[in-house]
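**Student:** Residue strings, one per chain:
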Amino acid sequence: MKKIEVDFDFRQKLNRVPGGEHHNYCYQCGACVPVCPSARYAQGFNPRVIVLAALIGMEDHLIRPDSPIWLCTNCYSCYERCPQDVRPIEVIIALKNMAVKEGKAPEEIAKYSEPIAKTGLSALMAPSVNARRKQLGLDEFWSIPVEEIGKILEDEESD
Amino acid sequence: MAQDKRLKAVPFWGCMIPLKYPQMELALRRTLPNIGVELVDVEGFTCCPDPIYFKARDKFNWLTIAARNLSVAEERGLPVITMCSGCTSTLKEAGFLLAEDPDLLAKVNSRLKRIGRQYSGGATVKHAVTLIRDELGVERVSESVKRPLDGLKVAIHYGCHLLKPSQIMGVDDTDYPSIMEELVQATGATPVTHSEKLLCCGKGCIEADLPLQMVFDIFSSIEASGADCMGLICPTCFSSFDLGQIFIARQRNKEFNIPVIYYFQLLGLAQGLAPEAVGLHLHRVKVDPVLEKMEEVRTRDAE
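Top to bottom, those sequences are chains A and B.
Each residue of the first sequence is one higher than the last, beginning at 1 in the numbering used here.
Each residue of the second sequence is one higher than the last, beginning at 1001 in the numbering used here.
Among the hints, erroneous ones may be present.
[Claimed, not checked] Simulated crosslink set (DSSO-like; lysine-lysine; CA at most 27 angstroms straight-line):
hint: 1; chain 1: A; residue 1: Lys111; chain 2: B; residue 2: Lys1020
hint: 2; chain 1: A; residue 1: Lys13; chain 2: B; residue 2: Lys1020
hint: 3; chain 1: A; residue 1: Lys134; chain 2: B; residue 2: Lys1020
hint: 4; chain 1: B; residue 1: Lys1008; chain 2: B; residue 2: Lys1146
hint: 5; chain 1: B; residue 1: Lys1107; chain 2: B; residue 2: Lys1197
hint: 6; chain 1: B; residue 1: Lys1059; chain 2: A; residue 2: Lys111
hint: 7; chain 1: A; residue 1: Lys118; chain 2: A; residue 2: Lys151
hint: 8; chain 1: A; residue 1: Lys101; chain 2: B; residue 2: Lys1113
hint: 9; chain 1: B; residue 1: Lys1020; chain 2: A; residue 2: Lys118
hint: 10; chain 1: A; residue 1: Lys151; chain 2: B; residue 2: Lys1197
hint: 11; chain 1: A; residue 1: Lys118; chain 2: B; residue 2: Lys1059
hint: 12; chain 1: B; residue 1: Lys1113; chain 2: A; residue 2: Lys118
hint: 13; chain 1: A; residue 1: Lys134; chain 2: B; residue 2: Lys1286
hint: 14; chain 1: B; residue 1: Lys1059; chain 2: A; residue 2: Lys101
hint: 15; chain 1: B; residue 1: Lys1254; chain 2: B; residue 2: Lys1020
hint: 16; chain 1: A; residue 1: Lys101; chain 2: B; residue 2: Lys1107
hint: 17; chain 1: A; residue 1: Lys151; chain 2: B; residue 2: Lys1146
hint: 18; chain 1: B; residue 1: Lys1059; chain 2: B; residue 2: Lys1146
hint: 19; chain 1: B; residue 1: Lys1107; chain 2: A; residue 2: Lys13
hint: 20; chain 1: B; residue 1: Lys1059; chain 2: B; residue 2: Lys1153
hint: 21; chain 1: A; residue 1: Lys104; chain 2: B; residue 2: Lys1059
hint: 22; chain 1: A; residue 1: Lys111; chain 2: A; residue 2: Lys13
hint: 23; chain 1: B; residue 1: Lys1286; chain 2: B; residue 2: Lys1153
hint: 24; chain 1: B; residue 1: Lys1107; chain 2: A; residue 2: Lys118
hint: 25; chain 1: B; residue 1: Lys1107; chain 2: A; residue 2: Lys151
hint: 26; chain 1: B; residue 1: Lys1008; chain 2: A; residue 2: Lys134
[What the hints assert, rightly or not] Derived contacts from chain B toward chain A, CB cut-off under 8 angstroms, selection only:
hint: 27; residue: Met1016
hint: 28; residue: Thr1046
hint: 29; residue: Cys1160
hint: 30; residue: Phe1216
hint: 31; residue: Lys1254
Think of the hints as simulated: they come from the structure by calculation, not from any bench.
Remember, it's a predicted structure, so these values are computed and weren't measured experimentally.
Don't be surprised by glycine CBs; every beta carbon is placed ideally from N, CA and C.
Okay, chain B solo, but in the shape it has when bound (with noise of 0.2 angstroms):
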């Protein structure tokens, strides 16, 4: 793939990342262009809105506040470029929905009315994960890699909403996804695969102990794979994993001090930027372990 090939998308934020994780904010700005990827803000988003409490309250106003944000990005005529899974869920599964059944588009529509709004069914949306492997290819990633990450084991969480319902998703075998683990070899990292990989966050359960269980259990499985750190690419998993370890730790008296990192992160690492410079400071569960690993691998591949 060429390598002056670039994309210019349409940041759709939501509210997770720039509110409560503005980190992944910095280090998706700071390593998309590197990649080839012009990210076109808009004003006028709002929340997507949210996928799980929002729907569970109304799902018709779930889905014209989802419509009128698509309708915004329609007028950009630009791709939409997603960053949270949650965003992806709501803005693709209303897209599907509206195109599915255009009495319910109708609806929809006398209600944008109301703000002069209309949508078309135009608007296009991808998480930034499929759009770089779809419209610029993995290699364009590997281009960018000025210190690989070698040597780094990198457990995956794949997350629901990326890949389910593939019927809206379209991204990958739900069963089998190889997305992240290409995206993750692209940096030099080695992923590794652990029996939980494909369990559900939780953080979308109103009841509380259930998911720390599935915490406790994801986090079991990756301690047995002997990963270094988890790489994921959503907020609401993130929280779940990030801020989970320490309740685990109080609730549990376990200690897993598994660095919980943001695909995007691991990309700046490997693009040469310091750890601050992609918000890895903030973390809860300290990276330093996966720091430490990397300054490992250079000083043994100086000798």
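The shape of chain A in the complex, shown without the other chains (with noise of 0.2 angstroms):
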């Protein structure tokens, strides 16, 4: 029989990302399968053996761009239907977290973060905006404390 080496330490740093530790509680029932809409619609993305790799601590296999971790809508019926607490779309954000950490997540994720630092914004504030606004009869768009976002993501790691 082909013996399977658990990464404990891969499993430790997952532990560390909030919601991570939840992993731990997975008993492999498979509830979280039939309810995925990436499991109906995207050939191999089950959030069962998801987990299932971050149980074996699979860390090449989980943390890369195309990793299928990716593939998840973030509809949360996985965490509506789990007996054990594990949430498992906690469980891949965290596990998204590290790739981004590491450099291995795909771009997009990077293109759609970045304007909340730099505006406070996910949305694009278009040029046609207030004219649009005005057109019917609101009032022009606030104004977004941003630097206040500034001050909270600067230099993470000093607390």
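Each chain sits in its own coordinate frame; assemble them with the hints.
**Tutor:** Right under this line is the structure:
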């Protein structure tokens, strides 16, 4: 029989990301699979198998730009169904956080998350926004305290 | 329920509604006062932040920015009313996690100290539809209706983040929800069920083809149900479906032409507002079939 070696260092790292520690509760029942839209639509996506890979500590499989974790639709059906409070979606998000830290995330993550640090918004402030708002009789779009966001995000490791 | 019951709430507009779909803001500002909700706008909110990309980047930063928004709301001592399911998800989950884990709250507060803020767990957040049902009652909505949408068949799309996870959202049964059916019925319209009513809109997936398949299946199921339009409560789902139908027409040569209507636009029509007064002229998929149906029913009833 083939021996599987569990990478406990990887699991310790996962435990330190908020939500990552819940992967330990998984008993592989698979209740998350039939309710998962990505499992229905995407080849190779299975939330139970992702958590299994986390339990074994398959870092190379999970932490890479073309990892199955990026196909999650973030629908929370797995969280809803899980009898063990694994919160599979949150484990997947914790894995994504690890991939971002190691520079192994697809470029969309930076592209769509960077505006928040720069403008405090995730939707783009198109030049026509206020014209449209005026047309509808709405006030101009309000100011966003982006400097506070800057201070929250700067020098992340200092706390 | 008393017809004069009024409720003050702080609107959390987020960024998609005021920047991308201001017609939804317009519809909310016009319809909510008619059912007793007084919006008390406050300064100082930022993006919730978004529960998909920003959370995927760094959950702790996501939580801290959410906690900052909650601290702004907490200062006002009024409930927060959200209009977007994404904002609802972020703010409610952040509140839940910070209540669940005091160490995490302490860590978040040490970061918030940099900007002279603290969060003490005192904010309550509810999506507009939940706040209305819980605090005012669905009958308050019916009482505001002047031109009931009789005969209009509305296929409801719940979306994911209004309901799930129920441990945090606490809105409804996630397999057999009824909140949207009740609110659609209150306008005089008829909610129509369809086989993909509870499917995700797909917008939270990075990959582009997968959501489009989901949109295709959802509209096939609505088409089979005979509904006149889709009714929903989330701007992200709206973008997936309004623009999504255009992509499907181009890529799959299938035109559904099923209008997608934000709930408070439907309510505006029922309250007697003109379609432009709730921004219905701004949709990619033209809403004319809905307006024609309303006219048809009205003419028939008058005869």
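**Student:** Checked against the structure, which of the hints given earlier come out wrong?
**Tutor:** Of the numbered hints, 2, 5, 10, 17, 18, 20, 30, 31 do not hold.
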